[in-house]
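Go by the hints and put chain B onto chain A.
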Amino acid sequence: MDKARVVKALMLLISTVAAAAPIFYALNLYEWNIQALFMPSYIPPKIDFRMEPSGVRFEGRQLLASFRLTNLGEVRLVFEGLNGTAYGPDGKDLASASLDKAVSLPPNSTEILTLRMKVDGEALKRLIRYFEGRESINVEVRGEASMLVFGSKVKAPISASFEIGLADVMAMS
Amino acid sequence: MGIVKALSLNHRVNMPGLASAILLFYTALSEKPWWKMTGGLEGEGTFSAEVSPFNIALKILGKPVTVPILPYVNLAARLSILLAAATIFIGSLMAKKPWSKPLMGLRGFILPIIFLCSLFSGLSLAGSYAGVRLPLTGESTVEYMIPYGELSIAVETPATAALTQEYWIALAAGILSVLAKAVHGRIAIKG
Numbered sequence: 000m001d002k003a004r005v006v007k008a009l010m011l012l013i014s015t016v017a018a019a020a021p022i023f024y025a026l027n028l029y030e031w032n033i034q035a036l037f038m039p040s041y042i043p044p045k046i047d048f049r050m051e052p053s054g055v056r057f058e059g060r061q062l063l064a065s066f067r068l069t070n071l072g073e074v075r076l077v078f079e080g081l082n083g084t085a086y087g088p089d090g091k092d093l094a095s096a097s098l099d100k101a102v103s104l105p106p107n108s109t110e111i112l113t114l115r116m117k118v119d120g121e122a123l124k125r126l127i128r129y130f131e132g133r134e135s136i137n138v139e140v141r142g143e144a145s146m147l148v149f150g151s152k153v154k155a156p157i158s159a160s161f162e163i164g165l166a167d168v169m170a171m172s
Numbered sequence: 000m001g002i003v004k005a006l007s008l009n010h011r012v013n014m015p016g017l018a019s020a021i022l023l024f025y026t027a028l029s030e031k032p033w034w035k036m037t038g039g040l041e042g043e044g045t046f047s048a049e050v051s052p053f054n055i056a057l058k059i060l061g062k063p064v065t066v067p068i069l070p071y072v073n074l075a076a077r078l079s080i081l082l083a084a085a086t087i088f089i090g091s092l093m094a095k096k097p098w099s100k101p102l103m104g105l106r107g108f109i110l111p112i113i114f115l116c117s118l119f120s121g122l123s124l125a126g127s128y129a130g131v132r133l134p135l136t137g138e139s140t141v142e143y144m145i146p147y148g149e150l151s152i153a154v155e156t157p158a159t160a161a162l163t164q165e166y167w168i169a170l171a172a173g174i175l176s177v178l179a180k181a182v183h184g185r186i187a188i189k190g
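Line by line, the protein sequences give chains A and B.
All residue numbers in the first sequence are consecutive under numbering that gives the first Met the number 0, ending with 172.
All residue numbers in the second sequence are consecutive under numbering that gives the first Met the number 0, ending with 190.
Take the hints with a grain of salt, since some may be wrong.
List of simulated lysine-lysine pairs, DSBU-like, C-alpha gap at most 30 Å [to be verified]:
{"no.": "1", "chain 1": "A", "residue 1": "Lys117", "chain 2": "A", "residue 2": "Lys91"}
{"no.": "2", "chain 1": "A", "residue 1": "Lys7", "chain 2": "B", "residue 2": "Lys100"}
{"no.": "3", "chain 1": "B", "residue 1": "Lys35", "chain 2": "A", "residue 2": "Lys154"}
{"no.": "4", "chain 1": "B", "residue 1": "Lys31", "chain 2": "B", "residue 2": "Lys58"}
{"no.": "5", "chain 1": "B", "residue 1": "Lys96", "chain 2": "A", "residue 2": "Lys2"}
{"no.": "6", "chain 1": "A", "residue 1": "Lys2", "chain 2": "B", "residue 2": "Lys95"}
{"no.": "7", "chain 1": "A", "residue 1": "Lys154", "chain 2": "A", "residue 2": "Lys45"}
Covered stretches of chain A (chain B as the covering partner; in silico rule of three or more C-beta atoms under 8 Å from a C-beta of chain B) [to be verified]:
{"no.": "8", "stretch": "15–21"}
{"no.": "9", "stretch": "106–119"}
{"no.": "10", "stretch": "150–159"}
It should be emphasised that the hints constitute simulated quantities derived from the structure, not laboratory data.
Note that the Cβ used here is the ideal one computed from N, Cα and C, for glycine as well.
Extracted from the complex, chain A is given alone in its bound form:
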């Protein structure tokens, strides 16, 4: 028999075995469950945080509401900005709200995040009116937060509420 033909046949056989053997081994290992062999598996890291009000103070005509921000997830979060509005107990807008400064939050850490709201004369009058017959009122901030999550820029809706006491407002006015 022609040696070249033998080598050619041998080459074809060995090449087929080299290419097919690992695939057959995998199929056998997964009991020919093709779906299981091709199914991607992925467990995403937990991304979660908790925001608790921690105090209110005035600086001139600006209301500063602080929150204790706890990163309960597995990735670092950076709060870079906020484009929001503060609403009174009647749901009417009081002032625009923004982030005082960026806050970087590694996993399992707690930082203070401060929201800055510019309260003009009209808003201040309305704020005082809310206190008729009440010692404290609830203010809600809703808007869009700009965050950096694991290297991606994320814009997410956010809402947070805090309480203001009459004494806080009187101190300002």
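Just chain B, lined up with the frame of chain A:
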């Protein structure tokens, strides 16, 4: 015929074949990727992909994505290229023997081409599935929306992708194997 004579050391050894075999051995034994893509800012990788026919590593938010079949497909590709390198090596040393011709395979050339086509198809498929545009090479910004109740979360990730030096080495090995086969044909005619 002068060039063939020079490239085969007077019709004794197929030199492009030897060079191709050495590069193919290097390529098949290297763990370095042929193509890389990273997405993210400030050194934090939102996602990363390091792909070669012999190893595929995907990570999203620092966590690996695994597909059970992939290591076996990678092993099959590695064995095939190691076999191709070994046979080209033997065939090149035994260039005068008439039976050495079938040893000069073209798998080393076909693999980088199939790799590029598969990569392009894979990226198009993954892009259309996720609703994003993933680059084969160069830089782009991947934008996508994640539904969040009635609202949505907008995510923007800069991505960079490139073919690595390893890919070009593999392609060079493949081109050399084509040249080696051509030279081998001439050696066989001469013999």
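Tested hints:
no., hint, verdict
1, Lys117(A) - Lys91(A), "15 Å, holds"
2, Lys7(A) - Lys100(B), "9 Å, holds"
3, Lys35(B) - Lys154(A), "27 Å, holds"
4, Lys31(B) - Lys58(B), "16 Å, holds"
5, Lys96(B) - Lys2(A), "10 Å, holds"
6, Lys2(A) - Lys95(B), "13 Å, holds"
7, Lys154(A) - Lys45(A), "18 Å, holds"
8, 15–21, "holds (count 5)"
9, 106–119, "violated (count 0)"
10, 150–159, "holds (count 7)"
Violation of the numbered hints given earlier is confined to hint 9; every other hint is satisfied by the structure.
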